[in-house]
Amino acid sequence: MAGKGGSAPATYSPSPTVQKKKTSIFQEDWVRPDGRGFHQCRPAFFRTGAVNAASGSAYAEFGNTKIIVSVFGPRESKKAMMYSDIGRLNCNVSYTTFASPVRGQGSDHKEYTAMLHKALEGAIILESFPKTTVDVFALVLESGGSDLPVVISCASLALADAGIMMYDLVASVSVSCLSKNLVIDPIFEEENSQDGSLMITCMPSRYEITQLTFTGEWSTPKIDEGMQLCLDACAKLAKIMRSCLKEAASDSQE
Amino acid sequence: MVLRPSQSGNIFWCVYLNEYKLRSTIFVEAMVGLSLGEQHFIQGGIAQDLRCDGRKRLTYRPIYVETGVIPQANGSARVRMGATDVIASVKAELGKPSSLQPNKGKVSIHIDCSSTAEPAFEGRGGDELSAELSNALQSCLLGGKSGEGAGIDLSSLIVIEGKICWDLYIDGLVVSSDGNLLDTLGAAIKAALSNTGIPRVQVAAGESSDDQPEVDISDEEFLQFDTSGVPVIVTLTKVGRHYIVDATSEEESQMSSAISISVNRQGHICGITKRGGAGMDPSIILDMVSVAKHVSEQLINKLDSEIASAEAEDQE
Chain F
1 MAGKGGSAPA TYSPSPTVQK KKTSIFQEDW VRPDGRGFHQ CRPAFFRTGA VNAASGSAYA
61 EFGNTKIIVS VFGPRESKKA MMYSDIGRLN CNVSYTTFAS PVRGQGSDHK EYTAMLHKAL
121 EGAIILESFP KTTVDVFALV LESGGSDLPV VISCASLALA DAGIMMYDLV ASVSVSCLSK
181 NLVIDPIFEE ENSQDGSLMI TCMPSRYEIT QLTFTGEWST PKIDEGMQLC LDACAKLAKI
241 MRSCLKEAAS DSQE
Chain V
1 MVLRPSQSGN IFWCVYLNEY KLRSTIFVEA MVGLSLGEQH FIQGGIAQDL RCDGRKRLTY
61 RPIYVETGVI PQANGSARVR MGATDVIASV KAELGKPSSL QPNKGKVSIH IDCSSTAEPA
121 FEGRGGDELS AELSNALQSC LLGGKSGEGA GIDLSSLIVI EGKICWDLYI DGLVVSSDGN
181 LLDTLGAAIK AALSNTGIPR VQVAAGESSD DQPEVDISDE EFLQFDTSGV PVIVTLTKVG
241 RHYIVDATSE EESQMSSAIS ISVNRQGHIC GITKRGGAGM DPSIILDMVS VAKHVSEQLI
301 NKLDSEIASA EAEDQE
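Those protein sequences? They're chains F and V, same order as listed.
In terms of my numbering, the first sequence has 15 at position 15, counting the first letter as 1, and numbering is strictly consecutive.
In terms of my numbering, the second sequence has 281 at position 281, counting the first letter as 1, and numbering is strictly consecutive.
Isolated chain V (complex conformation):
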């Protein structure tokens, strides 16, 4: 694995095949510039269970959660893990359920990487990363096609079966990126959903059975969302022969591959995605799954307590 400066001579390292590539055609640009000595330091530290900031391999950075940061949204949260900062917002609008599943609401997740995080994200540059994060979050949180195993209970979003349901639009914004975006976004979405209040809807009685029944959306009363089933995402990054949790962007530049595993409170796996092109032995993947389950217990507890205290502060 060799790094070389580009032809134009400014400090601009091209990262090679084994590393995490953002796009098929351009490489991870200037996100991290690491000398050979720094790379060996990172890899050696991970091998000895002592990372650059003193953490152990399976320790998360301190997590800060604030809820209710966006007043116009139905629910919102901001989560910081070290220098990674993301904001998630949930907006609910009335819509029509799909004909294939008339008794379930709809949820759509979209992530946007802002150019404040990285200059490379300006314009279309962040599109590929945003699409990858959106897909990973959708497969982790929305379950199979039949709606089974979804972290969010879609049947609680229905107003009138077959006619009116709530459409949840979950939007994530990456404000600052220092690695481990997927975990942070997962935590932010969980916190935003805990903060979400769906307005109470009164259906006008006596409507005819065609087209649009009259609905009255209350401004006062809100139904809180039940988020005990929402999973958390744990990303295990493989550097050399060891796995670390919550990698910074420097550590991510040294990875061979990463697996993001979404685990819920019951210990069931709700989704797995692999990032990075290097091949991995199946037994390693199964090992990573069990490590992720173990780590997720602490993460879920920590996150729940942080969300609860953030909500309590919000009330005051």
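Just chain F, with the same shape it has in the complex:
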């Protein structure tokens, strides 16, 4: 890639693609590509204040999953809306065209908007901003697996950054079932070949679940195990989110 002196201008050539062996995921001893244990989440990176124009914003990066969420509001509700004594929440989740490995293929997740809304509405104190609307816009810059949980966690951080009153931060984690193994925080490949999935959104300090989705076949002991895994992971994630907010607050004080 570096130009050699005097010769023809070097052109950029991408690194030779290593032909990845398609390991069958249906083995019992599936090894995760990034070397994590089955019950180990990806390292989480959060930063608030990513977007200057917004009332509050946050950027989250979990491995290859990169999300940016901006919160606008509370703003005046449109005149066509009816009067309401409590505030309104308006959410939108959209994918960039370069988010997924194949261009444009990530946009078939229209239900994420409704799920983000359901996850957040239980945590926000809507009575604190009557007659107005809070808009939460999430943009998935790169989809590396486990998108919706990261969107939800990042959105609650953005809401906190915007100063919207909430009962508690909302943390969210998903678990995939790969032929009898429970794998937490799945990546894109693991999600595509999963036998079942579980996503939990909870408010860790209140120990309450605001949103819960299971797909695939689950027996009761597995449900117990999966929920316990998720709740533990959510508690740890909430600690990371809190420390990110504290850092941002202490930075701004200096």
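For the record, the hints were derived by calculation from the structure and aren't laboratory data.
Some hints could be false.
[To be verified] Pulled a few chain V residues facing chain F out of the computed Cβ check, cut under 8 Å:
| no. | residue |
| --- | --- |
| 1 | N135 |
| 2 | D216 |
| 3 | I272 |
[What the hints assert, rightly or not] Straight-line distance between alpha carbons at most 27 Å, and here's what the computed DSS-like set of lysine-lysine pairs gives:
| no. | chain 1 | residue 1 | chain 2 | residue 2 |
| --- | --- | --- | --- | --- |
| 4 | F | K180 | F | K131 |
| 5 | V | K293 | F | K110 |
| 6 | F | K222 | V | K293 |
[Said to hold, decoys possible] Some chain V residues near chain F, calculated using beta-carbon distances under 10 Å:
| no. | residue |
| --- | --- |
| 7 | A131 |
| 8 | Q138 |
| 9 | P231 |
| 10 | G271 |
| 11 | R275 |
| 12 | M280 |
| 13 | V289 |
It should be emphasised that the depicted structure is a prediction, and the values quoted were computed from it without experimental measurement.
The beta-carbon is built from N, C-alpha and C at its ideal position, and this holds for glycine as well.
On the provided structure of chain F, position chain V as indicated by the hints.
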């Protein structure tokens, strides 16, 4: 939890944060108008295991099933639970399997809330509810991404691997809505699938290995679908500290949250979705799962016998 009339003065109750909201921006409009006394009556009755229509907390309304209501569809059924009335239809068309799963057919589920059920459903009004119901049914009936745990055996839909498969389009129509739409739609889809006949397909021998082989769709012979693996959906609505099954729309307006659990004949959970924004303790959720498993046994038996008798009537 306070209800107040809207500014325009007609009887139009805005339902607040704890209640089930259909949309983020508008509230449940005029589906139920309940006075404070009526609300206390409903909540008190549920607490004492005696609901407004005399049922116990875990009792379903009478279920009526008719199959074969739509002659042009491959399979159809109409299910009534009390005043809730839905129609499900299954149409099968030949299509190409996806490249990620060349040995499985495709199923797509779509629900439409007709404006005959509620005037609010006219035009785009019912879209959000339809999308929510479609998503819930898809996650309950179609299993994980790899196709495991699906209620419907997708490999039985394949005609020629990698080239031709059956695409099942399952459409549900809500004709009248009195609560518990998800359970009724689940039952209707199960009944419609039992009624479905996939035409027998003869592949012309000697075709070359490219593009479109010749297929001959028979008009006479039909293969019945095996629906013993299709799960039923049980929705548990939490009102106060108790759970009820098969809530009417009045009872649903009083709920704090609801969990819909899809259980199959073996007692395995095939999908769970939570509706309503209020938070719930995890132990309550696990308790609801076990209650749902218990209730689902009776529901599966009742539904199977109703479907069998409906099919028998259809034959005559």
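Evaluation of the provided hints:
no.	hint	result
1	N135	holds, 5 Å
2	D216	violated, 34 Å
3	I272	holds, 4 Å
4	F/K180 with F/K131	violated, 49 Å
5	V/K293 with F/K110	violated, 31 Å
6	F/K222 with V/K293	holds, 15 Å
7	A131	holds, 7 Å
8	Q138	holds, 9 Å
9	P231	holds, 9 Å
10	G271	holds, 5 Å
11	R275	holds, 8 Å
12	M280	holds, 5 Å
13	V289	holds, 6 Å
Of the numbered hints listed earlier, those contradicted by the structure are 2, 4 and 5.
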